[in-house]
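Line by line, the protein sequences are chains A and B. Just add 51 to the spot in the first sequence (first one is 1) and you have the numbering used here. Just add 1294 to the spot in the second sequence (first one is 1) and you have the numbering used here.
Simulated from the structure, these hints should not be mistaken for laboratory data. Glycine is no exception: its CB is placed at the ideal position from the N, C-alpha and C atoms. Just so you know, not all the hints are guaranteed correct.
[Claimed, not checked] Taking beta-carbon pairs under 10 Å as the criterion, some of the chain A residues facing chain B (in silico):
no. : residue
1   : S481
2   : T485
3   : E488
4   : P768
[Said to hold, decoys possible] A few chain A residues that don't get close to chain B, going by computed Cβ distances all over 10 Å:
no. : residue
5   : G191
6   : H333
7   : G415
8   : A617
9   : G678
10  : A726
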Amino acid sequence: MTDTAGGVGHSPIRPDARSKTDGTFDYASDLRLPGMLWGHTLRSPHPSAAVRSIDTTAALAMPGVAAVLTAADVPGANAYGLITADQPVLAADRVRYQGEPVALIAADTLDLARLAAEAVAVDYETLEPVTDPEAAVAAGEYFRYQPVRLGDPDAQAAAVVIAREYAVGMQDQAPLGPEAGLAEPAPDGGIRLHVATQWLHSDLEQLAPCLDLPPERIHLEMSGIGGAFGAREDLSVQAHMAMLALHCGRPVKMMYDRAESFLGHVHRHPARMRYEHGADEHGRLVYVKARIVLDGGAYASTTDAVVGNAASLAVGPYEVEHVSVDAWGARTNNPPCGAMRGFGGVQTCFAYESQMDALADALGLHPLELRRRNAVAQGSKLITGQTVDARDPRRDRPGGAPFSPLADLLDRLDALPAPAPAPTARPGGSGDTTRGEGVRRGTGYGVGLKNVCYSEGFDDHSTASVELRLEDGERVARVHTAAAEVGQGHWTLQAQIVRTELDVDRVELAPNDTRIGSAGSSSASRQSYMTGGAVRAAAVAVRALAAGRDLADGPVEATRVFRHRATKPMDPVTGQGDSHVQLALCVHRATVDVDVELGLVKVVELACVQDVGKAMNPLALEGQIHGGTAQGLGLALMEALLTDGGRVQNASFTDYLIPTALDMPPMRIELVENADPDAPYGLRGAGEPPTLSSTPAIVAAVRDATGLPLTRVPIRPEHLTTGRLP
Amino acid sequence: MTPPAGFDFHRPADLAEALRLLAADPEAVPIAGGTDLMVALNYRRARPRALLDLTGVADLREWTDEGAAVRIGAGVTYARVAAELGGVLPGLAAAARTVGSPQIRNRATLAGNLATASPAGDGHPPLLATGATVTAASAAGERLMPIGDFFTGPKRSALRPGELITAVTVPKAAGPQQFLKVGTRNAMVIAVCSFALALDTGRRVLGTGIGSAGPVPLRAGEAEAVDLPWEAPDRFGEGLAVEFGRLVAAAARPIDDVRATADYRRHALAVCAARALRRAWAEAHPEGSVRCG
Chain A
52 MTDTAGGVGH
62 SPIRPDARSK
72 TDGTFDYASD
82 LRLPGMLWGH
92 TLRSPHPSAA
102 VRSIDTTAAL
112 AMPGVAAVLT
122 AADVPGANAY
132 GLITADQPVL
142 AADRVRYQGE
152 PVALIAADTL
162 DLARLAAEAV
172 AVDYETLEPV
182 TDPEAAVAAG
192 EYFRYQPVRL
202 GDPDAQAAAV
212 VIAREYAVGM
222 QDQAPLGPEA
232 GLAEPAPDGG
242 IRLHVATQWL
252 HSDLEQLAPC
262 LDLPPERIHL
272 EMSGIGGAFG
282 AREDLSVQAH
292 MAMLALHCGR
302 PVKMMYDRAE
312 SFLGHVHRHP
322 ARMRYEHGAD
332 EHGRLVYVKA
342 RIVLDGGAYA
352 STTDAVVGNA
362 ASLAVGPYEV
372 EHVSVDAWGA
382 RTNNPPCGAM
392 RGFGGVQTCF
402 AYESQMDALA
412 DALGLHPLEL
422 RRRNAVAQGS
432 KLITGQTVDA
442 RDPRRDRPGG
452 APFSPLADLL
462 DRLDALPAPA
472 PAPTARPGGS
482 GDTTRGEGVR
492 RGTGYGVGLK
502 NVCYSEGFDD
512 HSTASVELRL
522 EDGERVARVH
532 TAAAEVGQGH
542 WTLQAQIVRT
552 ELDVDRVELA
562 PNDTRIGSAG
572 SSSASRQSYM
582 TGGAVRAAAV
592 AVRALAAGRD
602 LADGPVEATR
612 VFRHRATKPM
622 DPVTGQGDSH
632 VQLALCVHRA
642 TVDVDVELGL
652 VKVVELACVQ
662 DVGKAMNPLA
672 LEGQIHGGTA
682 QGLGLALMEA
692 LLTDGGRVQN
702 ASFTDYLIPT
712 ALDMPPMRIE
722 LVENADPDAP
732 YGLRGAGEPP
742 TLSSTPAIVA
752 AVRDATGLPL
762 TRVPIRPEHL
772 TTGRLP
Chain B
1295 MTPPAGFDFH
1305 RPADLAEALR
1315 LLAADPEAVP
1325 IAGGTDLMVA
1335 LNYRRARPRA
1345 LLDLTGVADL
1355 REWTDEGAAV
1365 RIGAGVTYAR
1375 VAAELGGVLP
1385 GLAAAARTVG
1395 SPQIRNRATL
1405 AGNLATASPA
1415 GDGHPPLLAT
1425 GATVTAASAA
1435 GERLMPIGDF
1445 FTGPKRSALR
1455 PGELITAVTV
1465 PKAAGPQQFL
1475 KVGTRNAMVI
1485 AVCSFALALD
1495 TGRRVLGTGI
1505 GSAGPVPLRA
1515 GEAEAVDLPW
1525 EAPDRFGEGL
1535 AVEFGRLVAA
1545 AARPIDDVRA
1555 TADYRRHALA
1565 VCAARALRRA
1575 WAEAHPEGSV
1585 RCG
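Same shape as in the complex, but just chain A (with noise of 0.2 Å):
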């Protein structure tokens, strides 16, 4: 490996910097086709119903509209899903959610569609929607069940108890590019589809069995995607538009506005939590007790994972002998959720923190000190069992302890400096509310342990090609993936790793598409280290090709399929197995300023420390750890959809409220490298983390300001100044 400029660990420009800057990026929702009709989905506004009869002839009718489709007109299977396929295409005779497609329509306009889908008459019989996820887990209405079991927390004696419960709202991936996509059918019958997607091969895979056409016959080819965070992992307009093209044989355009994207994508799954956590006099865990219910909504999603994230990440990096949990993902009428940010990990966190500041409180020890004196070390085991390996930078040094990583973190995090006491804006912001009236303010730490890549068995694995030829004398590489770059910097790390391993300049990126295999989703915090290896394994091949050999006489060119280390199932009864691959963690301090009489909020500094492994690019590391973290304080905040008896409340950005450059401070960042030997230049996945940590340290801020025991997020106002309300 050699020190290339624009190689591993410098921080190139991103090659859709400017674009994305000046605005010329184009976008899924700028594709057109000349020719090309307009789709749009009709959706049910009912949570629950029976579908009796659906009649389209008033749509049909209507000048301009080329196609009315419904469930009888979904060529091949009407189900798909990303791990079950039981979410149909379109509702035949049930619809189980508000927003569930019903109808398709295609048009010559947008605007057409829209109205021709507001003539379609369907008659629906409405039904009690299941809203109380709780009520469907007593009815055995529920994806999974997954419990952990380790040693007798019945039997053990505890100094201090903190039993509480949590709930967590249900937090939207909020990505600004909504959902689009256009259709093309091709001249042997078969389709071909640009979309803005996170895995493009799983949709192949879930689209096949429903058009009804073989795998080879359906090309897709990615586009323009604005923000994913796990909302485009599951089918959106895939499915639909594909229909639509193949029945009018023409070009078929989708794109959602604002609102149907609300309504057409997954949520962060909302929890309820009741947790229990035994510790000793010295702050020492001595068990930990949860149960956990996570609401699926109508359909499977990726709900099965999830909760197994729950589960097996549910005390957080913490060791504890006695342990029993209770996961289970409900099976309701609210909205489906599945992926987000985070994935299951983000829920648990938010409450194991909450439990790890009550017992530090109640044993009068700084909250970074009772972490550190549970903190897991190299050879420390989690509660599944596994054993974690975090092998030690400093292990020459003898007779220490053992490594613990996460001691370090929290070492370096305490030696950040504190922020000014002097605020630079205060809480209410631009709304004036205080200059300085009612403010106090407050400090909270949180940690969190993600799981990086595919768990619990998953044949995780990405593929890449590398070419190399000579170009007017120039070295040229050309890299092929169907890694999805959904503003992480994928494509430049890719670039960075090629110009590392064969020393070359210039690297193009050829289109990710299907012509080559998967490189599985991007998500799970995954793509550096699987893609990243398989485009690694692949410039490495090149680099052994290409020896010896003279490039003018034509390219040298190798594929390469990357494996990570095998992971194994949770065990059903008592959780335990290797589930995970790698985990990463990452710890936030948050310093707030609350004006108590308001109930209003403005974070003054997130402090962060997270082992990456290795900086492959600091630069976007650090826009992954900004971004994560003002997720997080999202989520703490002021992110949630609000449903009432399964209908959303609020699904757009004037009431889904979203941190703006305003809400979210200044950072104070330092990257640790504890390199994982197993990983690709011994990164760990660092997407994620960060959305996991912040949550529940600016909690634990607004706690510090207000004496709240705050148990729900996102905080509003009015929990805030509830006892002061007249």
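Model the placement of chain B on the given structure of chain A, informed by the hints.
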């Protein structure tokens, strides 16, 4: 988005032509900044058959100094209100700075805010607190409306078919003015509630305006009548500020919605009103021993 078939778009060059067009087609929807209307169009909550674009009407684009008041043309943007009128209309300018984002403020107009007549419109409370006047024009002539008569219900105003708002006339500040807006994020947010206060130290009059806490923007009449110690400003005490806050909260008629509970809105109004009065009194009597904060 693609406009529906049969969609008319008028772009008059002057006010007379605009009023003629509106008289001929009273269902044409006026559009200036479009920051409300375009959202409604995109969400298909509005499907106007015709739009009357007022951005070409030069007469509407300026504000003029009328001596004791400022006449703000219907096409003047919030960005200009914030940048150019902060000295003479500090309450309105403060409200203007809280409207949407910089991009929104560059397009959105005060008159457009009025035409939408949302109870949450940021410009409304300072207009109520200062006793502004709305000028409406039609082919039949001009009509003046006190701001208190303008709002008739949620998103309903006293504007008649065929009428355009041409200007809003706002008395110049005769003392300290305050505007406080509560939202659940630090910018770019619809008000959970807002409060404007205008103190006229010459006439010894207190004006109020409440936003987003009733079906229409409201004045707090009883609160305006509190007995302020004009003769002995040092006697302004905490009890008076709290009582003023209580009266403002009592004047509100809030509801529970996704943004906040009615109880929280009343509470927040009481806090904001007390703070506004303390700040304004301290500003009016800088030599006094008034505690602020």
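Going down the list of hints, with the structure as the test:
With 10 Å as the threshold, the beta carbon of A:S481 comes within range of chain B, its nearest partner Cβ sitting at about 5 Å, so the hint holds. Because the closest C-beta pair between A:T485 and chain B is about 7 Å apart, less than 10 Å, the hint holds. The closest approach between the C-beta of A:E488 and any C-beta of chain B is roughly 5 Å, which is under the 10 Å cut-off, so the hint is satisfied. Annotation: interface hint on A:P768 holds; nearest CB of chain B at approximately 6 Å, less than 10 Å.
Annotated as non-interface, A:G191 keeps its C-beta farther than 10 Å from every C-beta of chain B; the closest such distance is 32 Å. With a cut of 10 Å on Cβ distances, A:H333 stays outside the contact zone with chain B, its closest approach being about 41 Å. Interface exclusion of A:G415 from chain B stands, the closest Cβ pair being 33 Å apart, more than 10 Å. Remark: the non-interface label on A:A617 is consistent with the geometry, its nearest Cβ contact in chain B lying 45 Å away (cut-off 10 Å).
Every CB of chain B is more than 10 Å from the CB of A:G678 (nearest about 17 Å), matching its label as outside the interface. With 10 Å as the threshold on Cβ separation, the claim that A:A726 sits away from chain B holds: the shortest Cβ distance comes to roughly 39 Å.
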